[in-house]
Structures are given as structure tokens and as C-alpha cells.
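Q: Generate coordinates for the entire structure from the input sequences, incorporating the hints supplied.
Chains A and B are the protein sequences, given in the same order.
The opening residue of the first sequence carries number 1 in full-length UniProt numbering; numbering runs sequentially from there.
The opening residue of the second sequence carries number 1 in full-length UniProt numbering; numbering runs sequentially from there.
Please keep in mind that the hints were generated in silico from the structure rather than gathered at the bench.
From chain B, some residues computed to sit far from chain A (all C-beta separations above 10 Å):
1) D42
2) L52
3) L162
4) A187
5) K268
6) A337
7) D349
Covered stretches of chain B (chain A as the covering partner; in silico rule of three or more C-beta atoms under 8 Å from a C-beta of chain A):
8) 69-77
9) 95-104
10) 221-228
Note that beta-carbon positions come from the ideal geometry of N, C-alpha and C, so glycine has one too.
So the chains spell out like this:
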Amino acid sequence: METPTEEEWAQINKPNWRGLGLTDPVKSVEDKWLLLPAFLKTKGLVKQHIDSFNFFVNTDIKNIVKANNKVTSDIDPKFWLKYTDINIGFPDRNESGISQKRLTPNECRLRDITYSAPIVVTIQYTRGKNIIKRTANIGRMPIMLRSSKCYLTGRSEDELASMKECPLDPGGYFVVKGTEKVILVQEQLSKNRIIVETDTTKGIVQASCTSSTHGGLKSKTYVVTKKGKIYLRHNSCHEDIPIAIALKALGVQSDKEILLLTAGTTDSYKDAFATNLEEAAKLAVYTRQQALDYIGVRVKINRRVIGPRRPAWEEALEALSTIILAHVPVNGLDFRGKAIFVAMMTRRVLMAMDDEKMVDDRDYVGNKRLELAGQLLALLFEDLFKTYNTNLKSSIDKVLKKPSRTTEFDAHNTLLFNGDILTSGFVRAISTGNWSLKRFKMERAGVTHVLSRLSFISALGMMTRISSQFEKTRKVSGPRALQPSQWGMLCPSDTPEGEACGLVKNLALMTHITTDVEEEPIVRLAFMLGIEDISQATGAEIYGPNTFVVNVNGTIVGLTRHAPRFVAQFRRMRRASRVSEFVSVYTNHHHKAIHIASDGGRICRPMIIVDKGRPRVTAQHVALLRKGSMSFDDFLKKGLVEYLDVNEENDSYIALYEDSIVPLTTHLEIEPFTILGAVAGLIPYPHHNQSPRNTYQCAMGKQAIGAIGYNQFNRIDTLLYLSVYPQQPMVKTKTIELVGYDKLPAGQNATVAVMSYSGYDIEDALILNKASLDRGYGRCQVLRKNATLIRKYPNGTYDRLADAPKDEYTGQTQKKYDIVQLDGLAGVGERVDPGDVYVNKQSPTNANDNTFNGQAASVPFKNAPLTYKSPVAGNIDQILITDTENDQTLIKVLIRQTRRPELGDKFSSRHGQKGVCGLIVNQEDMPFNDQGIVPDTIMNPHGFPSRMTVGKMIELLAGKAGVLSGKLQYGTAFGGSKVEDMSRILIENGFSYSGKDMLTSGITGEPMEAYVYFGPIYYQKLKHMVMDKMHARARGPRATLTRQPTEGRSREGGLRLGEMERDCLIGYGATQLLLERLMISSDKFEVNACQECGLMGYNGWCSYCKSSKKVASLTIPYAAKLLFQELMAMNVVPRLVLDDA
Amino acid sequence: MAEGSGSLYDPRRHVRILSERVRDVSSVDYPGHFPGEDHSWDLAKFTENFHLEVQRLSQRSVEFDLVGVDASIANAFRRIMIAEVPTVAIESVYAWDNTSIIVDEVLSQRIGLIPIHVDPRRIDVKSEGDESTDRNTLVFNLDVRCSRNTKAKRGATADSELYINHEVLSSHLQWVPQGEQAEVFEADPPRATNPNIVLAKLRPGQAVKMELHAVRGVGKDHAKFSPVATASYRLLPLVVLNPDKPVPKESAEKFAACFAPGVIHVDKRSGKVRVEEKNLRKDTVSREVLRHPEFEGCVELKRIRDFFLFHVESESAYPPEDLLPEAIQILRGKIAAIRQATEALLDEDQTMDSQDAMQTD
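A: The structure is reproduced here in C-alpha cells:
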């Protein structure tokens, strides 16, 4: 390219826009990404769970109680009991006479108890003639960690440490019976919204709407086409109701009005709708009364109270007002709103019939709602509370029924002794994960999961997980596919492979999920902003030009003729904090509607507001933020940033970078790398990788062994993997710093040579340096919990711990009792060899005998020791002796193994490149570079071409530059350290720009003919280790029924020669081998077969023929003998006919 | 001298450095490689070529040139220094008390890696099944207890001020002489080479009490027995300018920047470049010069195949300069073993032959 002349330069430099020249750098808001840590500080990664729980515990629970606040008696009409308030306390020890009432989560984990707080209600009730006001404790509710009712909230690091809690732990889970349980986020289709779909094969268009009111029943209403005619369909009706009849029943009597409300003035819609009016006429339904009668006979009646039969039209009215489209309010008998809603559904069907593009996409994220712990608990609570009240009522009735009472009846006592419905209900639901609420027709299993504590990241990843309600078996790709609208909301990389692929998703870094916001003030505001009431409008007005229908949470409330102004004003109110920041407003131009949403479960994320081409956040704001004098909430309050939900986001014009702002731009992204989630955020340079590799890493990062929390040595988990020397990665990302992965890492920076070595590195195998392993590379600890209860039995006997038994004659103890001390427990720190006893427990022989004979002391005991079963020795790490909630002594023994990497252990880099260790090489045999650096790991270069993990190569380059310059480098997505800068650092330090070093072979001592890509890559050790998998068997246990070898490693089982292997042997003709494998080495059995009758005898005697004359002995599989006997048991006689007996 | 020949490429002596590969890595001076040339080993020729010179010596490391030997010999020294020169390291740990945050196995591993200052020549090898004696085992005690420093100033935050013994250091190892060891090691008592290695951190109330047994071993068994932190070599770089295509004057500085500082001398006035022969060893062979098209053909990069620049860092009782002689001793021992075995084999052959001869008779 030619260099421009002086004049050209002058031309280019001439100021032409806001005093800036073309070549001047656009002055951008630097470090606007600082908003992200500010956001995470106020919102946190699992804030959605905590917010949802807080909302339930502080607000929603009061509404539920308010809705069910009265208990009356059928016996005494004067009696009533009213709940005036409900409050959840802080978790405490549910034991009396204890000075330290405060309960910490870690104590609950260790003692296998529930982290729960009392539910305290304020009640008013009648006692005799008085009205009494008291408080009462009605049960206990499990408390979410770090919620507003948790002791950990707002504590400093020191305070958390004294409670043996990790400051980096995200919280958002429950501790129930000692296990950590997460209520996963559930994805659902949004409620109270119209969804239009077509079935192209059947030519059906349908608009559906799932109504859900608070505490009410859920029901789905359809407006469908059938043979070109439109019907209203609902579960409560036997058959579909012609739409015209439905509308007439809803009070729109005249055909003209029906036509106007549905088809409006559009001719094509009118033509399509006309037949429906004919249909009504054909059925002789002209008036509202006729329509109600028509519907009334078709409504399913489920009346519990037996009373006089109501006329059909009353049934119809009832159904129309309360069951069909229950969420649309009906005031008295004013059905206008509901009529317009049905008309609107019809119109949407007409629109879809006319233009097949006018359908909705149910996979669109804006049409989804996420259900969180709070909502699920609210449903559970409502159900349990109602059960509680019915029980309370019946027990009150029982008392009041008694004609003469000695004392005056006090309902407070009944309340206190009304069982633990709430406590046990919560515990049962959370610990089993079964939400079976008959009252709400809800039957869900697998709602809760045990929090995976494999690594810090696996726990974090679990907290952001979203599970879908779609069945996994269905072979549809729609719900599994990546949706464009999930940009920035859901992580595009983090999803499992296989059957749940695309159905289980993860939240992105900046995502927030809304909770319910009260609707009435919003409606009032809308009216104040000048919308017209919908019930006053005619069809001609509703569908008139420039008229937009205003919906609030799916219900139509009004009209406006100035849509842009209305939306702009509404937004201005929101930015001025006059309405909640989570209320969204957007225009749908296709439907000519403005939607205002304030319901819970919408996914949203913050964005910088752009005004007249300039972002509202300026460098000054960022400086204030950096100084700490401004928080994220201040940004929100000042209207610099705002939350956009998916629908509003898709109605905005969002610039990715500041330099791409155009006059129409409305918003600016805070940081592009926030489209990834917490787990995918660990990958350096993910934007250089082939996309599935990032997905693989997301799955593998959760299996990496590392540090799991600052309190990892104070925990006793069933199985815990810890790294001995975890390191933070050389190449970090901003996400890593934000989530704290640099403080709780899971991996080590290995010096990697990308070269072929010895042939033991094919198929992704890795070569490890023995000296590195000697020095501690890849070393890990496996801690396993073994627990036992020292029980007290109902017959007065009890388990006990005993010291090691001494031999009667020699006075010596057996070797397996070596480490058992006088208290019957192994000493902490002792080595446990396979077969050793570490808890010498003894149980009474008559433990299951429930008769009490008062001689508990003299009962003989039998040994029930805990023995160590692993093939490799371990050490006793900790022993905990405590008691559970029901006063059983609990002993937990933590046994630790320290493992160094061995052949076959699995490792992986952060780019979905896993491999097993193929060979361990002595240091002197390893290649070395000019500095004498020897690699820790050799990786085969064939791993690169097909995987296309360029990010891994750049990670090496950046890591090497970082090592040389003594700085950590960044591999943040869509940013990070540039390859060019990295190469420059390498050159400055005397290395080749390409990262390739000249190596010398450690074996021959000659230089290598090729340069080798050489530098640090962060490697993770995965939990799959050979030691836990190796298995072989020569002979061993057999199953009792079939006498065949047992199955599985845990039962020391055999290795099966399966059908396909059998087929091979048959094909080859290796009969003797077959015989040996399938019978002799398995379950051979000598039977005596009688040649007379063909039945089996025994001891050379046929008990059928009563003779031993023709009894022959032969060998068959025991399974065959079993089959014969089972056949005989069902009256089929198999006879053995022998050729040459 | 091999340096500064300035001659053009000699595949018999030079390893050629190209931008994407290395050529002529193997030596060719052995009999039968070139027709009509005799390359059989010759002491006179070897002594003429052989050269060993120490370039730099410090307490912990040595740099020396080894010239005129084959790569296999140089590599053998390197390998022996890493893997076969014996040292003493702690092999068995008897833990009486360990309430530190670091568990027994890991603390033991860390203790094992402490380089111990004791002359391994004075210790016998303890083979499997041998009893521990004062000839083959050194005993150390590690007894550290952390307590609060009552004299700490108010408001102090540093661990070293607040606590006494907040770290278990390698200097806490206490040698316990056994039998005649007190006399044998009187002059130079065994201790950790580096007294500042942190083994564990303690807090008040925590204590470590252990008995440690050190034995003699070699690096191929475990890295803790390796006497060196690194023992490696590189070949002497050679930069040869092409007289037919001089470096363009305007990019002379850029040319010089492609090498380590001092390797290329740029004449300020004429802009001519020349290789500073004495600084050639400073070059890192970054091949940067081969990346720029303007220098194509101006320069050739080479390394001299039999000129080894050794760098050895001792991390043991050996002074760095003793490591090579020690390695040579071990190599000679191996050669002696092979010679013995070969001679025994030859003897056997001869007796066999004679037996055969007798039988045929």
C-alpha cells in the first residue's frame, strides 16, 4: 500500500464529528467491564436462588397465609382462629436447655441434621367469650444458605471462618439431614400468555393459553381450527364449543360485534371467520341465554356438595367465570374482559390462518419462565399449610364435639400438638425430590439434587443449572437447539452431551431471574400514562390503525394510540425507579400490542443505556465505581444501566462494542464474554476453539480434582477428591477471577512439549515425567466417609464399642485390630491396611426382638465391626462422634488415601482434550531445551488437527509469555492477551516467536530435527483413576440363585463373555472354549437324569420312576437346571433325552 | 579453537538451524561413514580436539565447556549427574505428632525433598532388607511447636511477630548422631543445604514431632536423590554472515535486535554488521532473524555439534565443580563393569572354543 501524501493525511485528520477526526481513537468507556464484578457483588452468581427464596420467605408466604387465614369449626359456630401474621425465624437448635441456640450449616452437615428455622405464626382465636392473640410455632422450614434467614449472610470472612464456612461458597442450597440439596431451576412455558401454533400436516391452527392464578388451579384453554371452523376447547367441556357461541355466552351477542372483535376490519379475516357465525346460526344459538344453555349441557360437573341441580346456564356461567381462562378477571357478571381475551385469541388464530408466519415459537426464550426454589417451596408450603389447617380443624372439632369439658377449650394447645406436618413435609420433599401436591395436580420427581462437591466448579455449575420439563425421550430437535434469543442469558457452551443435550442448560454470567412484582400499581401507572380502558372499546377501535393493545402480564388492560410515546414514558418511569427495575415493556408490532411484564421467572440481564448515540455510563462513573463510591444499584437508580428481559432485549438495538453505536442504538453490552456461563468462563481463548470442545470442557471441568472450599478439611463428605498442590492457571480469564476459581483452582500448570514420544502417546495418551510426579505433580487425596450409628433398641439394649479382643491363650490381639484403641475406634493418623477394623462395634444379638425383658446388661453381643475394604491402604483422617436429632450416637470416620498419578489416570487440559497417562518417563530420558527445562507432560501433536483447539495453542503461548514476563496472562473470551503481544514477549526473552523451542533428546543427546511447541498449559486431573477401576478375578463369589459368578467390581464379579463374544466363538467353531467359558468356568452342575422318564433325580436315584436303573450323570449349567425346575413349577415338563448315556 | 572459524557450512561439524527444522543433528565422524576416510578413534587426535574449560563457577552452579566429544558422551554425563550420582535424602518418616494442616503423607513427601548436606561417600547404600546401622542411616529429629508470641507488639499482623515457630523450616531438622557418626561427621555435621525451605505452616497449639531416617540413593529411584536442580547442555551457536549478501544498512539495528544483545556488532558509522565472536555463546538461537524476509540469505545459523556448553546447578552436598568428576567416576565404574563382563564373556568363549576343540578331537 502506498503511503498517503501529506494532504491526504490532513484530510483524514480533519475534525468531522464532534470535534474528532477519523483517525482519532474513539474515546470509549474503558473498563466498563468493572460493572460486572459490581453486579456480581450485589447479585452474586446464585442470586436468583437466594432472591427467589427471600421473596418466598418474606413476602409470598404472608400472601399464602393471608389467603388461608381462617380456621372455623363445624361444631361450634362461635369458634374461629385466624392467622394474622407469619414469620420465619433464624435457624436454631431444636433442643431445649441449650445456651448456644444458633445453628451453623457446617454443624448440620456434620451431624446429619437439617438447617431449619422455626415458622412462627401470630394467631387470634376465641377462647370462650374472649379473643386471644398469641404466637405459636407451627413447624420448621429448611433455610437456604446465604438467604436473608441464614446466619451466613453478610458475614465477613473472619466470621465465616469461625463458623467453618467457606467465603467463596455460593450458597443457594439447603442442608437437609446433613446432605446439601439444590432445587434446580425448572424451565417452563410462560403462563397466561397466548401461544399460537400450527400443525402443518393436519392443517390445524391453535392458540393456547395456560391460566395460572395465585394459588388457583392451572388450566389450559385452546382456540383451535377444525375443518376451517374455530372452536373453543377446554378440559372442562365434553366437546369443542363453536367460537361464536362461546363469545355469545360471554356477552357479545350481536354477530356484527363478534365479527368486529375477532376479524376487525380486515377483509381476509372476515371471510375466514364468517363460517363460524353461520355455525352458531345453524345450531340455533342466537342469544346469550341460548349460548349459555348450549355450553351448560357440555360442561363437566364435579360437584362435591350434594344439593339441588342447578340449571345448565348457571353451570356455564360458573365455568366461564372461574375455570375457563381463570386468570382474566371477571367482576361480578362483567365478562367483557374475558370476551375480548377470547376474541383476541381468535384473532391470533385468524392471523395465523391467513399468514403462516404469524405463529409463536415455543422455544423462544421470551416465552419461557424459570421456576425457582422459592416458587416450588411456596407451592409446597401452601399445600402443607392447607393440610395442616384441615388437620387442625378436625382435631379442634374432635375436642369441641365432647359435650362436657373440664377446662375451657384453648386452641393454642391443639395448635402446638398438631404434629409436624410442615417440618416433615419440607424435609421429605427436599430430601427425596418428590413434589407430589395433589391439591395442585403436581407430581414431580427429581426436583432436588445432591450438590456435587467434586470440585468448586461442579458445585457452582450445579447452582446455575436449568432443567427442562420436556421428556428426554422425545426426538425433537427444537427444544434442544441453540436459540438465538438465549444470547447473553443462557450459556451456549455448557450443556451435557447425550440424552439431556440442550435440555439441561446453564445461566450465563450476568443473568438474573425476576421474582413477582405487584401488578396493580403498574396497571394504575399505565392508565395514568393515558391508555384507555379495554372494556369500553369496540372491535373497530381495538383494531384501528395506530392503535396498540396494552397487556399487563398477558391480560389485556387497555388501548393506546400513541404506542412509542407510551413505551418511552413507561421506560422513563422505570429508569427513574418509579416502577421496579424488573418490569419490562416492549412493543410487538406484528400483534400491534404493548406488553408489560412483571411476573416472576423471566430471564433478564443488565445493559448500559445508550442515549443519542452515547452510552450513559461514562468514564467518570467507572472511576467512581472503581473508587467504591458507587455501586451497581446506584447505576440502576441513576438510570445508567437497566435490566432487559428477553422480550424487551429483542425489541432493542444493542451495540456489542462502543464503536459500533449508531444513531438508532438503544443499549450497549456491558461485556461480550458474559454470554458464557461460569463453567465455560474458565476456558481460555474459547472463541478460538471448535465449539464442541468448549462443551466437552464444560463437562470435564466438573470432574477436575482441586480445592473445593476453604473449609474442605472441616467437612466429612461421602467422597471428596482434593488436589495436594492446586495452582491457579497461568492464563486466567476475567470469569476465573470473578467466580474465585483462582482461589479454589483445580489443576496445575504443566510444562508441555507437543511432540511424539515413544508410541505410548497414541490416541491422546500423555507421557508424564517421573521426577515431576516425585515432586508432587498431579498428587491428590481421596477422602471417603464411613459412618455408623450406635443404636439404642426398643428392647432396652444398645450397640457398644469395644476394645480389640485378646486371644484367650496368648493374650495377643489379631493383626486386624492393630489400630483399634481402647475406645474401640482407630487412632487418628493411623494407617489402615486392607481388612483392618477401624470401628469395633458390637450389637446385641437380640436387637430385633422387641420384647422388653429388663436385662439389657446381660445380653450377649455379636461383632459388627467396620472393616476397611479398599485394596490400597489409607489413613484415618478424622473421627467424629456426635448425636443426631433423635439421640442416636453417630460415628463418622474419614479415611484418606494419597495418590500419585499412575499409568491410566485421566488428565485433561481446559479445551476438551482429555487423555490418559500412557507412560511415566524418567527425567533423564525426557527431552530438554537450551535452558535445561524438562517437560512435565508430553502431548501428541495428533491431538490438534482434528480437534481444532487453537485456544489451547494460544494458551501455551500466553502461558509461556506469562512465565517469562512474570505476569499472569488473560485468555478471556473475545478479548484477552493478544498473540502478537505474546510473541513479542517471547522474542524479547530470546525465544522463538512461534513458541517452538529447539529440544535435545534426553536419550541420544542429539538435537531434535524439529522444533517443538513447548510451554505451560493448565492441566486438570480428572476423578477417573485406575485405582478405582482396576478389576480382575480368577475365582470368587457366586450368585446364590444361579450359581454364576457375580456381576460388577464392587462384588468382585467376573468379566462377562457376552452374546456377541459368544457369537464370535460359535462362528469360529471353538466349541471347547465355549463349553469352558459358558459352563465349566461358570456354573457347571452335575445332575442325574433318568433315561426312563427324562426327569432329574438325585444321588443316582430317580424319584419319579422309583429306580436307579437308567439314571445317568451329566454336567449342565446350573442355570439350565434351574430353568427346568422353574418350568416344572409351572406345569411344563422338560425331559432330558440323552443320545449316548 | 572451534570458535570464530567464519567458514561456511560444514556438515561434519555443524548442526544447521533452518527456520522450520534442524538438519545434520547426528555426528558422522565414525569409521565407515565416508568412503576412504579413516575415522577410527585416535588418542592423539582426541587430545588435540578435546577441551574442557570452566566458564563460571558459583557456590551453587557451574558452567563449563566440553569440546571434542560425541553427543553420547556428553549426554551420558548429563544423565548420570541427574540420575545416578548418589545423595542422601530422607526416606522414612516416623510421625509421633502432626497436628499441622498438612497431612502426614504430604508432609513426609515434602520432607523427603529437602536436600541434605552430607557427603554421600561416607554413607553406605542401604539395600532392601538391610538393618539400619550407623553406617547406612542418618537420623534427624523434627520437633516444632507453635505458640503465641506474648511479647508481640499490639496491632501486629505479621505471622512472624504474632507467633513463635509459625513455620516448620528445613532448618528445624536436628541431626541425632548414631554410634560412630558423631566422630565421623564431626567436622561437617549433616544438615539441610538450604535452611529456609518452608515445610508446613503452624498456628498456636499445633506441633510437628517426627523422627526422620535418611539413606543414600540415586535420582533414578526418586527425584529427591538427584543431586542437581538442573544439569543440561546446549550446543555453541554460530552465526555466519554471507559475504555476498550484506545486511542492508537501514535495517542493521533490526538485524542486531534479532540476536541476543552483544552478539552482533553494528558499526555506527558504516552501518556494517559483524559477529562478535566472543559473545556468540550468549545467543539464544531464537531464529528471529529467519523470520524477516529482508535478511533472507544474509545469514546462516548453526551450532557446533561437539561443543557443549554445560550448565549444572547443584542442590546437594556436592560443590558444583565436583559433580562432573563424580559422574565420570560412575561412568568409569560402568565401563569397568562392562569390560569385566566382556572379558568374562571372551574367556568363556575361549574355554568353550577349547572345549569344542577338545570334543571334536
